[in-house]
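2 protein chains.
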Amino acid sequence: MLTLEGLETPRLLLDAGRLERNCARMRERCRALGVALRPHLKTAKSLDVARVATGGEPLGITVSTLKEAEYFAHNGHRDILCAAGIVAGKFAHAARIQRETGCDLILVTDAPGVAESAAAFAADQGITLSFLIEIDCGEHRSGQLADSPAVVEIARSIDSSPHLRLRGVMAHAGHSYGADEPSAVVAIAAAERDAATLAAARIRAAGLSCEIVSVGSTPTVLFADHLEGVTEVRAGIYMVFDLAQLSRKVCREEDIAVSVLSSVIGHTRHARTLILDAGALALSKDIGANRLLSDAAYGYLCDPHSMQRLGRLAVNTVHQEHGTVLVEDERWFDRLPVGSVVRVLPNHACITSAGYDAFDVVRGGALVDRWERINGW
Amino acid sequence: MLTLEGLETPRLLLDAGRLERNCARMRERCRALGVALRPHLKTAKSLDVARVATGGEPLGITVSTLKEAEYFAHNGHRDILCAAGIVAGKFAHAARIQRETGCDLILVTDAPGVAESAAAFAADQGITLSFLIEIDCGEHRSGQLADSPAVVEIARSIDSSPHLRLRGVMAHAGHSYGADEPSAVVAIAAAERDAATLAAARIRAAGLSCEIVSVGSTPTVLFADHLEGVTEVRAGIYMVFDLAQLSRKVCREEDIAVSVLSSVIGHTRHARTLILDAGALALSKDIGANRLLSDAAYGYLCDPHSMQRLGRLAVNTVHQEHGTVLVEDERWFDRLPVGSVVRVLPNHACITSAGYDAFDVVRGGALVDRWERINGW
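As given, the protein sequences belong to chains A and B, one line each in that order.
Sequential numbering from 58 applies to the first sequence in the numbering used here.
Sequential numbering from 58 applies to the second sequence in the numbering used here.
Worth double-checking, as some hints may not be accurate.
A pair holds if it fits inside one copy or across any two, identical chains being indistinguishable in the list.
Stated by the list, open to error - Straight line, CA to CA, 20 angstroms or less: simulated EDC-like cross-link-like pairs of lysine to aspartate or glutamate:
hint, residue 1, residue 2
1, K306, D204
2, K124, E85
3, K124, D204
4, K124, E62
5, K124, D105
6, K306, D237
7, K124, E385
8, K306, E210
9, K124, D251
10, K124, E65
11, K306, E238
12, K306, D181
13, K124, D417
Since the hints were derived computationally from the structure, they do not count as laboratory data.
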């Protein structure tokens, strides 16, 4: 039988029960909102997780890189939105994915020049490329402002090419992650919705079609008062959650489905520290949860089986392959001998997961499967 | 012909000329110090980089994980020190590497219990496991204090087993990375040397052999006043350097051999930002260089060919696949149009590199090769 103790650490664990519960809840939430769910697979980068997220429904998916798009397209997904701005140097890759898999790959831009070069490329190749126009709803990371003339100009530019297809608009309220309380997310969700629907209305008023009105981020989908005018939502971190989401009260500790299995590799008694084999590469250097959860450090330590927290222990310092845990009470040296294992709840599951080629899947504390993940570009 | 413009970004570039110069300098430095160099491959994780680092000499190497040990052992390396503390759950992997490759794999511990369980495991398997004892020289991360009775106790425990081989001691002055100036490193290097040589002297005084006295970190090797009594040094970041090393005056900007090739994927003019496709995964979230180099942010932007810095531009914010660059002067929008490429000098090359499966190798600005890297555990 597979056991946690038989795994060579560090390993990325995924709790199947928690994942399933989180995914079912989000599908239910989207049904209640009357919008389609287009799960974002940038966190999980896993075909098996995508299967749980879609729950057997023929949902489109969202990805953040063409490598992810290629992986999911080659494994049966037929409706894929690649939600980071495309540039000309990546058109050939996008075209290859479409040609090899027949998938409906939707690209994104906020740049007039990209629409023009895409038209020239697609005409040359005799193919069709589909686009959403990105709208800035207040994060000011990327996107055109919803009331900018550029929105309609880019829409016309795309629509004017017989080789491009204007599919709609997308907005991403990434600043919802900066909100301290769910109550503060309600207004951000409204701004995200309003920006996307305003841009769509302006495109339609110009006589062009705007089939897709896409918004999203886990917090805005969970806390929006309504999403009228929106056709679909993109969200990803809800599948597994993490300490950053816990810190903003977007999830409960028992919803967090990913953790890092790590061994105690040393007791540095004179410094009152336990040393783990989970450091900067196994956990990442993301400490985003600490703004609102000041003891999060690089992650909470939990019992590997019960998943109960081990007192207030956390990974306080990381080096490349070492994590240092300060212990105030020396009895921890007896409770966690060298060679014992713990589970660490990560700050930011998207970044932590990227260090691993696979999830080791647990259910009710038992190791039941291993799910491949992809990484890189 | 291969060109930078033909690469789909983000990509990890390695400047072969800079790498060769950095490696030759370190070998020369070690010759002058009269110590063997055991290059640490935890940064590069690449067979080709190891070839440059050893410079054709039959040098032993250092690694940080058994996966790295396995990779290098299967590719001809015969003397490998795995410098992070081993635990019982990893003995089988270590034994497999030795059995399959015949390599001399040296393990590390500071825990009496590990020596005991290693003796039992090795006896059961009919093999020999080699050990260094880790000594804390002031970083207080891991290791026994040099004057602790535990040092000789662990040495005796290892020596008493016919299946274990006591090879020596190692110390790592990781706190040298916290020094603001090279002058402050001199004392840290002395403490590292003195801790290792004291521990070795105590083991020898107990009638045991202590063939290897290993110290290291790039700063302490470069700035030690002498290393008498030390037999070998471990250093890794010197091969490629990064902004963290630049911030501590351990290298010059023109020594930095790794960079991330990234495309401008958007102009968010209303926020006066350029958006890159190099974000938290392509650059890492390490911002360690900023303590002493307050404008380092997530990395300096450079011209992709000349490697000259682009004004004071840096990656100011990262999301998973987006990097945001603040531009005070709007002329940057013309100079760096959407689709153009830049090179980003990373904060911490060890962590940034871990996002990539390969180095794209450049020489004199031309793309000349692609060198595989390994990641994970």
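Exercise for the section: Classify it for me, K124 with D204: is the Cα-Cα distance of at most 20 angstroms met within a copy, between copies, both or neither? Expected result: neither (33 angstroms within a copy, 53 angstroms between copies)
Exercise for the section: Give the relationship of K306 and D237 under a CA distance limit of 20 angstroms: within one copy only, between copies only, both, or neither. Expected result: within (8 angstroms within a copy, 39 angstroms between copies)
Exercise for the section: Could you figure out if K124 and D105 sit no more than 20 angstroms apart (CA to CA) within one copy, between two copies, both or neither? Expected result: This pair counts as within: shortest intra-copy Cα distance 17 angstroms, inter-copy 25 angstroms.
Practice task
Can you give me the call for K124 and E385, within, between, both or neither, at a CA distance of at most 20 angstroms?
Solution key: neither (45 angstroms within a copy, 34 angstroms between copies)
Handout entry: Within, between, both or neither: K306, E238 at alpha-carbon 20 angstroms
Key = Only inside one copy: K306 and E238 sit 7 angstroms apart there, 43 angstroms across copies, limit 20 angstroms.
Handout entry: Alpha-carbon proximity context of K306 and D204, limit 20 angstroms
Key = Neither: 33 angstroms inside a chain and 49 angstroms across chains, both beyond 20 angstroms.
Handout entry: Alpha-carbon proximity between K124 and E62, which holds within one copy, between copies, both or neither at 20 angstroms
Key = between (33 angstroms within a copy, 19 angstroms between copies)
Problem - 20 angstroms Cα threshold - placement of D417 relative to K124 - result: between (22 angstroms within a copy, 18 angstroms between copies)
Problem - Status of E210 relative to K306 across identical chains (alpha carbons, at most 20 angstroms) - result: Close neither inside one copy (40 angstroms) nor across copies (50 angstroms); limit 20 angstroms.
Exercise for the section: Please work out whether the CA atoms of K124 and E85 approach to 20 angstroms or closer within one copy, between two copies, in both situations, or in neither? Expected result: Cα proximity of K124 and E85: none, with 30 angstroms in one copy and 42 angstroms across.
Handout entry: Copy assignment of K306 with D181, given that the CA separation must stay at most 20 angstroms
Key = For K306 and D181, the Cα distance exceeds 20 angstroms both inside one copy (50 angstroms) and across copies (51 angstroms).
Handout entry: Copy assignment of K124 with D251, given that the CA separation must stay at most 20 angstroms
Key = neither (32 angstroms within a copy, 50 angstroms between copies)
Hints 1, 2, 3, 7, 8, 9, 12 from the earlier list are contradicted by this structure; the remaining hints agree with it.
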